[in-house]
Amino acid sequence: MVAFITKRIGTVVLSLFVLTIVAFVLAEVIPGDPARTYVGPGATAAAIKAAEIHLGLNRPLVVQYWTYLVDLLHANFGISVFTHRPITQDLGSALPPSLELVVIAMVLNIIVGIPLGVISAARAGGRLDAVTRVGAMAGAGIPPFFLAVMLQYLIAFRLNWFPLSGEFSTTVNLGHAITGFPLLDALLEGNWSVLGDGLDHIVLPAIALAAGFTGVIVRTVRSSMIGALGEEYIVLAYAKGLTERTVLVRHALRNALLPSLTILGMQVGWMLGSTILVESVFSYPGIGTYAVNALFNSDLWAIVGIVLVIGAAFIVSNFITDIVQMIADPAVRADRLGRSS
Amino acid sequence: MSAVVSDPVMLAERSPGGASMEQREGRTRRIIAVLRTHPVEAIGLCIALFMVLVALFGPLVAPQNPDDVSFATRMLPPSATNWFGTDDAGRDVLSRVLYGARTTLSSVAIVILIAASVGTLVGTLAALGGRAVDEFLMRLTDIGLSFPPLVLAIGLSAAFGGGLTAAIAAISLSWWPGYARLVRTLVADTANRDFVENARVLGVSRLRLVLRHILPNALDLLFVQVTLDIAFVALTLSGLSFIGAGARPPSPEWGAMISEGSQVITSAWWVAAFPGIALTLTAIGFSLVGDLLRGQLDPRLKTMLGR
Numbered sequence: 001m002v003a004f005i006t007k008r009i010g011t012v013v014l015s016l017f018v019l020t021i022v023a024f025v026l027a028e029v030i031p032g033d034p035a036r037t038y039v040g041p042g043a044t045a046a047a048i049k050a051a052e053i054h055l056g057l058n059r060p061l062v063v064q065y066w067t068y069l070v071d072l073l074h075a076n077f078g079i080s081v082f083t084h085r086p087i088t089q090d091l092g093s094a095l096p097p098s099l100e101l102v103v104i105a106m107v108l109n110i111i112v113g114i115p116l117g118v119i120s121a122a123r124a125g126g127r128l129d130a131v132t133r134v135g136a137m138a139g140a141g142i143p144p145f146f147l148a149v150m151l152q153y154l155i156a157f158r159l160n161w162f163p164l165s166g167e168f169s170t171t172v173n174l175g176h177a178i179t180g181f182p183l184l185d186a187l188l189e190g191n192w193s194v195l196g197d198g199l200d201h202i203v204l205p206a207i208a209l210a211a212g213f214t215g216v217i218v219r220t221v222r223s224s225m226i227g228a229l230g231e232e233y234i235v236l237a238y239a240k241g242l243t244e245r246t247v248l249v250r251h252a253l254r255n256a257l258l259p260s261l262t263i264l265g266m267q268v269g270w271m272l273g274s275t276i277l278v279e280s281v282f283s284y285p286g287i288g289t290y291a292v293n294a295l296f297n298s299d300l301w302a303i304v305g306i307v308l309v310i311g312a313a314f315i316v317s318n319f320i321t322d323i324v325q326m327i328a329d330p331a332v333r334a335d336r337l338g339r340s341s
Numbered sequence: 342m343s344a345v346v347s348d349p350v351m352l353a354e355r356s357p358g359g360a361s362m363e364q365r366e367g368r369t370r371r372i373i374a375v376l377r378t379h380p381v382e383a384i385g386l387c388i389a390l391f392m393v394l395v396a397l398f399g400p401l402v403a404p405q406n407p408d409d410v411s412f413a414t415r416m417l418p419p420s421a422t423n424w425f426g427t428d429d430a431g432r433d434v435l436s437r438v439l440y441g442a443r444t445t446l447s448s449v450a451i452v453i454l455i456a457a458s459v460g461t462l463v464g465t466l467a468a469l470g471g472r473a474v475d476e477f478l479m480r481l482t483d484i485g486l487s488f489p490p491l492v493l494a495i496g497l498s499a500a501f502g503g504g505l506t507a508a509i510a511a512i513s514l515s516w517w518p519g520y521a522r523l524v525r526t527l528v529a530d531t532a533n534r535d536f537v538e539n540a541r542v543l544g545v546s547r548l549r550l551v552l553r554h555i556l557p558n559a560l561d562l563l564f565v566q567v568t569l570d571i572a573f574v575a576l577t578l579s580g581l582s583f584i585g586a587g588a589r590p591p592s593p594e595w596g597a598m599i600s601e602g603s604q605v606i607t608s609a610w611w612v613a614a615f616p617g618i619a620l621t622l623t624a625i626g627f628s629l630v631g632d633l634l635r636g637q638l639d640p641r642l643k644t645m646l647g648r
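As given, the protein sequences belong to chains W and V, one line each in that order. Letter by letter, the first sequence follows residues 1 to 341 in the numbering used here. Letter by letter, the second sequence follows residues 342 to 648 in the numbering used here.
Chain V with its partners taken away, still in its complex shape:
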């Protein structure tokens, strides 16, 4: 999908349906050209892809069970056997960091999937549902946007009784209004384009018009925002775990691991440092990818996304 976004002209006027072989080849060449002129962003892309690979396959290559407690090997510094050292329960930090990638990235994926789906539904309804519906939904969205996500998530997470699932639900609940507002703008904008008008004239049904012509062209841009949000959601999620409103120790989640590590920081810095570095790299990697995608958009859309 990044290929589509990297070409504003194609993006703007793309009609539904797959691309031909030549088109795809041209895109690949264009992506390589863009990455060559943006070396920092290219590194970010590599980091992000690496983290996805770790999330998918990390548990397979983890040297030890992340929950294996062994008091004989407590707080050992990084070594050939334990590359990232061991924590205060003798667990292998490397294995826990590898498992943590899966916890974090899958949770982020769920949050964004929920928030973007709800946001898309609300935004589309607001854009196409007439004045009263629009007014009501946007008021709701404005109120949602006027609450600080972290604090609202803390309250909600505490209300749900804590835990990772509660944190995921809480962040999703405070995240959808941003997408709703964005999708409303995108859909309203796309609905006015010539190809939509043409399709309407050709007698395409309303539902089909929305699903096959308007949304696919609007959602490519939503995808850019989603990429930019991955880092932010990951930081919020691990922040909740860090203060005890998300995943709880001993589950291998980066925020919870940093929290545990901060208790023993003076005698074993590696317990907090490695999950922290993994989290930081993930955030930076995905921000860079998001920036790259946004940079490839046409300036008008850039200002629309630049919240």
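Bound conformation, chain W alone:
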């Protein structure tokens, strides 16, 4: 077990290292002239030269990479050529709203996906099952950004059930930052009107973000439940006179949940990446909107910063999922140990 974890940590470190190289290469390969963008159009050659020196673009690549790596380790991601602010600072303010969005979407994903999968499996082949399966298929097939646009148009604009865009209403007084996570802060302060307003704003982006992932969860839970329901201990449980509810939840689901937990864990990293497709539609001020703006402005260091942050989150969340899965599942544990030795 220790050997496996050590090897897995080795892969994580290697992946993170390669990630920094990829990030750096992306930044250097990007055509366009960061120095020129930095000083703005119509600048003199001397001003561009000065900006180049200021941004450190005139040194050899290896030196630039080394400086870059050292800077990264000091949480210095460079300066955005668009906002003219440190990218760490930009990401620092963009990341908390995105993480809150991912958490809410994940909650939706779990409370909708798992019950639907269970019901679908319990009535496998029936009408309810067919409806759920088509629904899951549609959820996985509809592009998240298209769902976002349509939810915004139909639910927010036409029906007026939720606000069109933003994170909070402009009239809301946010109060003090405790953790820097606005919804969590409102919760901690007991500021219910702010919390309600924030949740109102987050519902549609969260649905748009979650739908595709929920489709996958429904299908995973359904198929592992069907597998579990075919086992002999289920027949025994029924024979003992237990209710269907007890058999489904206590006996089948408990054994069927593990594959779904693994997928849920991996989805965290994917979701953070998918915020890029959803947030900008709702002008939600997270890392996704920041990424789209950075792309629009050819803000290369900012794009690289985003690749780094989401890439690292992806690598680490998959690592944690792997470890948790190994601890939770004896079969996987045996398999992994066998393979790593």
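These aren't lab readings, by the way, just hints derived from the structure by calculation. We treat Cβ as the ideally placed atom computed from N, Cα and C, and that holds for glycine. Hints should not be assumed to be uniformly reliable.
Said to hold, decoys possible - Pairwise CB distance ranges (calculated):
{"hint": "1", "chain 1": "W", "residue 1": "Arg127", "chain 2": "V", "residue 2": "Asp483", "range": "20 to 28 Å"}
{"hint": "2", "chain 1": "V", "residue 1": "Gly470", "chain 2": "W", "residue 2": "Asn255", "range": "34 to 42 Å"}
{"hint": "3", "chain 1": "W", "residue 1": "Gly92", "chain 2": "V", "residue 2": "Phe564", "range": "51 to 59 Å"}
{"hint": "4", "chain 1": "V", "residue 1": "Pro418", "chain 2": "W", "residue 2": "Ala177", "range": "43 to 51 Å"}
{"hint": "5", "chain 1": "W", "residue 1": "Val70", "chain 2": "V", "residue 2": "Thr506", "range": "58 to 66 Å"}
{"hint": "6", "chain 1": "W", "residue 1": "Arg127", "chain 2": "V", "residue 2": "Ser608", "range": "37 to 45 Å"}
Here the structure of chain W is known, so what remains is to put chain V in place on it, guided by the hints.
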């Protein structure tokens, strides 16, 4: 090829060479039987085939030039003359959706062709090239798999300077590791089968063994994964275009069209809605076909593919 996959026994032990007339007839009958018991998947197959037809012939039947700007006919709602309405530059949305099918499906085909070729090469080398080669290539593959495809594609696409070609290259680059890992498993598995051993004993050369005996039997299963991936690649590609890292307006690409449509959504919903529906139907159709193919495989292979 779907006929081959629909029969696990034949699939597993098929020897190289064409099928006889009777075999082919039997297969057709079996396909019809399978489709009859899977009505939803049959609809998916129809949608997928329809989209392929649209991609092939859509531009021929498109009522207007998709790039014809006409400010007199801006943002007209769907009508008898413009079935899907017109966009904010007065272009016919139906014509643009029809052209978009070709853009999307041909781009997806290129991505999958590149990714599957590279993946097959790397996977085969890893499976048959000995321990050191295997270790190195699989480490590389693991690192590739540990990056989020969308985000990596955004970075790469920005690095290449944006545009559809950049997006295609970017997605191909982040997609091959999945195929490499799959092909490695399939090839290693196939290499241990009896008919390969028999061929080896008969003195078939190593290269011929790989090309004529191992790969054809492994690649049928790769084909299933490819079908499952079509929807995913199409969504990623149009997603890149939507956020401005892929095909750029005014080119008729579905993601870019949805992006343009989202700017005018409150006054002209049809500009975003129709390309979005086309994209959704394409994704669902191909997923259903992939599911059907996977469902027909033997369970052992099913778990192998179920990533």
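### Structure-inconsistent hints, enumerated in ascending order
1, 3, 5
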